[in-house]
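Following the hints, put chain B in place on chain A, whose structure we already have.
Protein chains in written order, with my numbering: chain A, 12 to 448; chain B, 12 to 448.
Each hint should be verified, as a subset may be incorrect.
Since the list gives no way to pick out one identical chain from another, each pair is judged satisfied if it fits inside one copy or across any two copies.
Stated by the list, open to error - The list that follows gives simulated cross-link-like pairs (lysine-lysine, DSS-like), each with its CA atoms no further than 30 Å apart:
| # | residue 1 | residue 2 |
| --- | --- | --- |
| 1 | K66 | K435 |
| 2 | K416 | K386 |
| 3 | K425 | K14 |
| 4 | K298 | K235 |
Worth flagging that the hints you see were computed from the coordinates, not collected in a lab.
Protein chains: 2
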Amino acid sequence: MEKADILIYGCTILTMKNREIIKDGAIAIKNSEIVFVGKRASASGIHAEKKIHAKGKVAVPGLINCHTHVSMTLMRGIAEDKPLKIWLKNAIWPLEAKLTAEDIYAGALLGCLEMIKNGTTCFADMYFHEEAVAKAVKESGLRAVLAEGIVENENKALGEKMFKNSLFFAEKFMGYADGRITAMLGPHAAYSCSQELLIKIREEASQLGVGVHIHLAESAEMFKEFEKKYGCSEVEFLNQLGFFNAHVLAAHCINLSENDRQIMAENNVNAVYVPIANMKLGLGAAKIHELASLNVNVALGTDGPASNNTLDMFETMKVGALLQKLAYLIPEVLPACEVLKMATLNGAKALNLERNVGSLEVGKKADIILIDFSKPHLKPLQDIYASIVYSAHGSDVDTVMVDGKILMENRQVKTLNEQAVIEKAEKHAAQLLARKP
Amino acid sequence: MEKADILIYGCTILTMKNREIIKDGAIAIKNSEIVFVGKRASASGIHAEKKIHAKGKVAVPGLINCHTHVSMTLMRGIAEDKPLKIWLKNAIWPLEAKLTAEDIYAGALLGCLEMIKNGTTCFADMYFHEEAVAKAVKESGLRAVLAEGIVENENKALGEKMFKNSLFFAEKFMGYADGRITAMLGPHAAYSCSQELLIKIREEASQLGVGVHIHLAESAEMFKEFEKKYGCSEVEFLNQLGFFNAHVLAAHCINLSENDRQIMAENNVNAVYVPIANMKLGLGAAKIHELASLNVNVALGTDGPASNNTLDMFETMKVGALLQKLAYLIPEVLPACEVLKMATLNGAKALNLERNVGSLEVGKKADIILIDFSKPHLKPLQDIYASIVYSAHGSDVDTVMVDGKILMENRQVKTLNEQAVIEKAEKHAAQLLARKP
Numbered sequence: 012m013e014k015a016d017i018l019i020y021g022c023t024i025l026t027m028k029n030r031e032i033i034k035d036g037a038i039a040i041k042n043s044e045i046v047f048v049g050k051r052a053s054a055s056g057i058h059a060e061k062k063i064h065a066k067g068k069v070a071v072p073g074l075i076n077c078h079t080h081v082s083m084t085l086m087r088g089i090a091e092d093k094p095l096k097i098w099l100k101n102a103i104w105p106l107e108a109k110l111t112a113e114d115i116y117a118g119a120l121l122g123c124l125e126m127i128k129n130g131t132t133c134f135a136d137m138y139f140h141e142e143a144v145a146k147a148v149k150e151s152g153l154r155a156v157l158a159e160g161i162v163e164n165e166n167k168a169l170g171e172k173m174f175k176n177s178l179f180f181a182e183k184f185m186g187y188a189d190g191r192i193t194a195m196l197g198p199h200a201a202y203s204c205s206q207e208l209l210i211k212i213r214e215e216a217s218q219l220g221v222g223v224h225i226h227l228a229e230s231a232e233m234f235k236e237f238e239k240k241y242g243c244s245e246v247e248f249l250n251q252l253g254f255f256n257a258h259v260l261a262a263h264c265i266n267l268s269e270n271d272r273q274i275m276a277e278n279n280v281n282a283v284y285v286p287i288a289n290m291k292l293g294l295g296a297a298k299i300h301e302l303a304s305l306n307v308n309v310a311l312g313t314d315g316p317a318s319n320n321t322l323d324m325f326e327t328m329k330v331g332a333l334l335q336k337l338a339y340l341i342p343e344v345l346p347a348c349e350v351l352k353m354a355t356l357n358g359a360k361a362l363n364l365e366r367n368v369g370s371l372e373v374g375k376k377a378d379i380i381l382i383d384f385s386k387p388h389l390k391p392l393q394d395i396y397a398s399i400v401y402s403a404h405g406s407d408v409d410t411v412m413v414d415g416k417i418l419m420e421n422r423q424v425k426t427l428n429e430q431a432v433i434e435k436a437e438k439h440a441a442q443l444l445a446r447k448p
Numbered sequence: 012m013e014k015a016d017i018l019i020y021g022c023t024i025l026t027m028k029n030r031e032i033i034k035d036g037a038i039a040i041k042n043s044e045i046v047f048v049g050k051r052a053s054a055s056g057i058h059a060e061k062k063i064h065a066k067g068k069v070a071v072p073g074l075i076n077c078h079t080h081v082s083m084t085l086m087r088g089i090a091e092d093k094p095l096k097i098w099l100k101n102a103i104w105p106l107e108a109k110l111t112a113e114d115i116y117a118g119a120l121l122g123c124l125e126m127i128k129n130g131t132t133c134f135a136d137m138y139f140h141e142e143a144v145a146k147a148v149k150e151s152g153l154r155a156v157l158a159e160g161i162v163e164n165e166n167k168a169l170g171e172k173m174f175k176n177s178l179f180f181a182e183k184f185m186g187y188a189d190g191r192i193t194a195m196l197g198p199h200a201a202y203s204c205s206q207e208l209l210i211k212i213r214e215e216a217s218q219l220g221v222g223v224h225i226h227l228a229e230s231a232e233m234f235k236e237f238e239k240k241y242g243c244s245e246v247e248f249l250n251q252l253g254f255f256n257a258h259v260l261a262a263h264c265i266n267l268s269e270n271d272r273q274i275m276a277e278n279n280v281n282a283v284y285v286p287i288a289n290m291k292l293g294l295g296a297a298k299i300h301e302l303a304s305l306n307v308n309v310a311l312g313t314d315g316p317a318s319n320n321t322l323d324m325f326e327t328m329k330v331g332a333l334l335q336k337l338a339y340l341i342p343e344v345l346p347a348c349e350v351l352k353m354a355t356l357n358g359a360k361a362l363n364l365e366r367n368v369g370s371l372e373v374g375k376k377a378d379i380i381l382i383d384f385s386k387p388h389l390k391p392l393q394d395i396y397a398s399i400v401y402s403a404h405g406s407d408v409d410t411v412m413v414d415g416k417i418l419m420e421n422r423q424v425k426t427l428n429e430q431a432v433i434e435k436a437e438k439h440a441a442q443l444l445a446r447k448p
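So that you can see chain A by itself, here it is in the shape it has in the complex (with noise of 0.2 Å):
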């Protein structure tokens, strides 16, 4: 009889592999990985410590956040229905300038709690003070890609510095917290940091052997710009520095001219849709048809709650796949098993982990979720795809496990307390608002 730590048996499996779905099935788990997923009646002879009765319930993979700024928790709500550039400068900079390293950590404390609640067991950040990040994800148990942020904004010194931090960073937590927290660098984007630096970013994510995670193609204003300053698009200017050279997370993609989808299948950049906070400040569509038509890997990401104002992925599935039937007026359009690949398989690539996670395979981490398909809305059940996508809610997530470690069960959070969390968070976004600058 073969051991395992966590037996999950009786739900329905959907592997991600390909659109396998498996019913009545089994998944066993010893030492954080995978060693059995198939049929429940094929994994009689495991004998497990802890045994999950699962009927009613889907498995899939934990679902990956591939670009938000997690401690913007704190200023949910603080400045909506506003343009970007009023959002950023009115709103958003005055706070960010007087954030403190505590802060974030409270702040990305209650992202985290938030993202377990919702079945989001990865995430892609780039913010600032990440090492308070990092602590708060070590403790959550969930697991992450985080880049310190890199903005230069023609301040050579300030640039200088935050790169050096970056750097430091990379270098410190690549593979802290038994190896669930990875890091990129992340040069805020083309526009906010000069060529020198962009160049000096990518030679030192290259030789670090680390990512590089950058905002691209956000605005059309911003676009213009730049195509007036340098006379060709970000992503041209970007490959022509060799940024692309390795691996780039780029985060939006909505300005992109047919060369620049070109350029970007050619150097296998990773893009990441980010629907609702274009939506919502309205920025317009990325056309990922386009993309991925030219097999461009692309992920999903919520972006950072003051602009969405969750970090619940299953909102930004379907949302995500509405946009797309909109875009193109098309509804056959990123159907929903595409983009629940793209919240699991695609977002591990994306973020150079699928070798870990994004599917439920035997040798991969155990990064599960388990749907709880009781509720009214999940009723009857006749297309699990479209099911999760269309019809499930972040708070019908039953149980989240992460390297195999169970962060939630029956919706009760093991790794931080709930009440906690929150009053901790409210306490620092009250104090950041009336903090002196």
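Chain B only, in chain A's frame:
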């Protein structure tokens, strides 16, 4: 000391009468009506049989879903990611031809259960065997405005029969279930009913004193066909028939000309904005800002669960706001408090129920929901309207009351047996699919 049946106290109250926010408020209910709304301190003299301590919760008027076909819960997930014509012709119509009153009843019960659980207290329905929907509504405790659908499709005898059924239904069910159910006539659309029939429907509706619920300007393709046939738009056509002389509830309103909008404004036509289904079927974005600027009353609807795939007005509020910001590329368009007004007061007006519901005011019926603001994704609370529209989910609704009767408390539904309703719907959905045409 005044006596009330129920006293809700300690919550924040959004009355939706105006932008008033009452903190530490109280609402007293007697004989199905609101008899007090104000500060808790001013309610100390009110004695009530039942007291609901609602600290940390927010009271808003129950949400009003102004366009659905509730029994289509049975077809949830049946035909995904398909264009409207194919969706209708290959999947929906063949199933609808086989629907029995018992199926409709089972589907409606499931829809009512789902709506109670997501804070919808009133809905406008148009479908077939509407008596069965009325029965489900009565049992559920919800409020509804029901219309038996009329589809002529160039079959005069069929049109006549359905018209008579619609009329018969309206006469019989106007004021049913202690007045919680009112009726409308339900011509499917301008293109699916003849001129003669539309004129008769208008006349009979006016004579009966009921409104008319119709699909309007939903599909650009059909719009073109219609223009070719009649040399004018659907709106112009209906206007020429005198169809807008009395109360009309017009769902979709996507493809409108400036002249169409003017006609709607002049005739007080109520528009229902249906963002999710319109996106999902790739039909386009209704231009709500233009309609609202002309003082057209705009309400919100989910459409049937086969094209959404939920009956969740929280989702519809969020996606509705996002879609407008995208359609205009202006993030200020349709701010959060306007969306919540659409889902409450505007909805009541659209259903000719504004004297009874849509806001929390003394003398109105007690259709109230309490939203639990203790969840991580609703923290910190910095903009209450934005929190409700952009962060809250249907599952955050804790308590639902209609006509002063508690339908759900602490997420426990009082009027329906959840398990029995779900099993019945599953059984009927399976039978419907298996049934020979």
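We went through each hint and held it up to the structure:
1. K66 x K435: between (37 Å within a copy, 19 Å between copies)
2. K416 x K386: Answer is both: 26 Å inside a copy and 23 Å across each meet the 30 Å cutoff.
3. K425 x K14: For K425 and K14, the Cα distance is within 30 Å only inside one copy (24 Å; across copies 45 Å).
4. K298 x K235: both (18 Å within a copy, 27 Å between copies)
Checked against the numbered hints given earlier, this structure breaks none of them.
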